[in-house]
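Peer 1: First to last, the sequence lines map onto chains D and E. Going by the working numbering, the letters in the first sequence line up with residues 6 to 299, in that order. Going by the working numbering, the letters in the second sequence line up with residues 135 to 294, in that order.
No wet-lab data here; the hints were simulated from the structure. Quantities reported herein were computed from a predicted structural model and do not represent experimental measurements. Ideal Cβ positions, reconstructed from N, Cα and C, are used throughout, including at glycine. Wrong hints could be hidden among the right ones.
[Claimed, not checked] Reference excerpt, derived from the structure (chain E facing chain D, CB under 8 Å, subset only):
(1) Met135
(2) Lys136
(3) Ala150
(4) Ser153
(5) Ile175
(6) Leu194
(7) Gln199
(8) Asn219
(9) Pro254
(10) Gln258
Listed here are the chains, written in short residue letters.
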Amino acid sequence: MVEFQYVRPNNVDGALAWLNEPGVKSRPLAGSTDMAILLRADPHLCDRVVDISLIPELHRIERRDDQVIIGAAATFSEVLENPLVQQTAPLLAQACRQVGAVQIRNMGTLGGNVCNAAACADSLPALVCLDALAHVRAADGERDWSVSELILSPNHTLVPPGGLLVSFRYRIPLPGSRSVFLKLGRRNALAISRLTVAALGRLDEQGRVAEVRIAAGAASPRFNRFKAAEDSLIGRLPTAELYQDAAHRVAEEMIHITGRRWSTEFKEPALEALVCRALALVFETPGSELQEGA
Amino acid sequence: MKIDFTLNGASVSVEAPASTSLLNVLRDNLGLTGTKQGCGIGECGACSVLLDGRLVNSCLVLAPQVGGREVVTIEGVRGLEGGANDLQQAFIDCGAVQCGYCTPGMVLAGEALLASNPQPSRQQIREAIAGNLCRCTGYQQIVDAIEATARRRRAKVGHD
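Build out the structure end to end from the sequences listed, making use of the hints.
Peer 2: If you want it as structure tokens, here you go:
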């Protein structure tokens, strides 16, 4: 039997043409950290791999007005080393820094992490916390989804067959915002996340919570912000009791979504503790660097 | 399929199915067995090579992905006279080589770090080699070797 064919288009139009050729089952290949293993297990997974990893426009990281746009084939290393990302979305840089190890970060891409849509994907809570939009192109047009809408369940997204996730964009958080990404794994490097929390927030001039966003990873199959917990914080002076109450609401919502599972005994207190820690870092850290505003 | 790329500074051409890993091309097609196969799933770092200057796991790279690009393996890391280079000598001097299986990947991880950061802290060295497993040394000697090499290279630059 003939194994898959490999092609390397120079641009997104070329990639879409290869991906949509009738009668040929094609799959995009970006960082290859997952695909190489899948293809080794089943060389007949597809008829053709379309290597999008070297398409220059898919690596672009740039500011447009009050938004930052990140190409979907940007590697974790490219994202975490980018000064624009470091300034405007420290939580995304932190999330990318905690993926795998150097080798994986040099290969794996933001788009691949999102399309793979694992519940433990480190970039997803950060992107959801940023209210990031995903731009998808297909043969019959293009459209944006929020990242949280895009993810249906592990390995399932709204990206249509023949479609290609080409970029993400997020609005730069307002001046004075702080953000953080925390991860629990069995070891520091090369650890599949047991639980992650991304949080972003800002205080008003009276020191009350003006804005807060909370998302978690490896907590549920889909990725949404915890709106009830966020609402409980708005307009209040940040205190340890307030964080604890919000953290409890986050854990309750997780259990509401997933039910009580074998891992809940660990995840419930761990999630509460991580949310408390994240909120304290966002609202209390004296002297921690403020994000540059829009 | 035919794959042309630059390997350790020289042009090479190999014929291999698209599903072949770069690791297998290096070891089986080109006979360069310095790059080791460990886990095969990107967790141990034994197969680390530099691809366009970046450290990657060659077991996770499909051979055609390196077409037109530049690969450096441990065979491409050597001193001016052909023996060990300063980092490799430091590994020997510091007792950072025991069974040796992780050493090629560790040396390349060290070179990748020193290329981008000539003055790494011990913590940064640990992070740079976090994707390379060593079951013998306990890592301290490896960190020592990379740290000592960074210091000597900085001193050398200072004298040049």
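Peer 1: Hint validation: Pro254(E) versus chain D, beta carbon distance must be below 8 Å. Holds or violated?
Peer 2: Hint on Pro254(E): violated, closest Cβ of chain D at ~12 Å, above 8 Å.
Peer 1: With a cut-off of 8 Å on the beta carbons, see whether Ser153(E) makes it to chain D.
Peer 2: holds (5 Å)
Peer 1: Return the status of the interface hint for Gln258(E): holds when the least beta-carbon distance to chain D is below 8 Å, violated otherwise.
Peer 2: Since chain D brings no Cβ nearer than about 11 Å to Gln258(E), farther than 8 Å, the hint is violated.
Peer 1: Measuring from the C-beta of Ala150(E) to each C-beta in chain D, is the shortest one below 8 Å?
Peer 2: violated (11 Å)
Peer 1: Could you check if Gln199(E) really has its C-beta closer than 8 Å to a C-beta on chain D?
Peer 2: The hint holds - Gln199(E) has a Cβ within 8 Å of chain D, the shortest such distance being about 6 Å.
Peer 1: If you take the shortest Cβ to Cβ gap from Lys136(E) to chain D, is it below 8 Å?
Peer 2: Given a least distance of 11 Å, the restraint on Lys136(E) is violated.
Peer 1: Is the hint on Asn219(E) kept, meaning its closest Cβ partner in chain D is under 8 Å away?
Peer 2: At about 20 Å, which exceeds the 8 Å cut-off, the nearest Cβ of chain D leaves the hint on Asn219(E) violated.
Peer 1: Given Ile175(E) as an interface hint, is the shortest Cβ-Cβ distance to chain D below 8 Å?
Peer 2: Constraint on Ile175(E) satisfied, holds at 6 Å.
Peer 1: Would the stated hint for Met135(E) survive a check requiring a Cβ distance to chain D of less than 8 Å?
Peer 2: holds (7 Å)
Peer 1: Please verify that hint: Leu194(E), Cβ, nearest Cβ of chain D, below 8 Å or not.
Peer 2: holds (4 Å)
In summary, the numbered hints that this structure violates are 2, 3, 8, 9 and 10.
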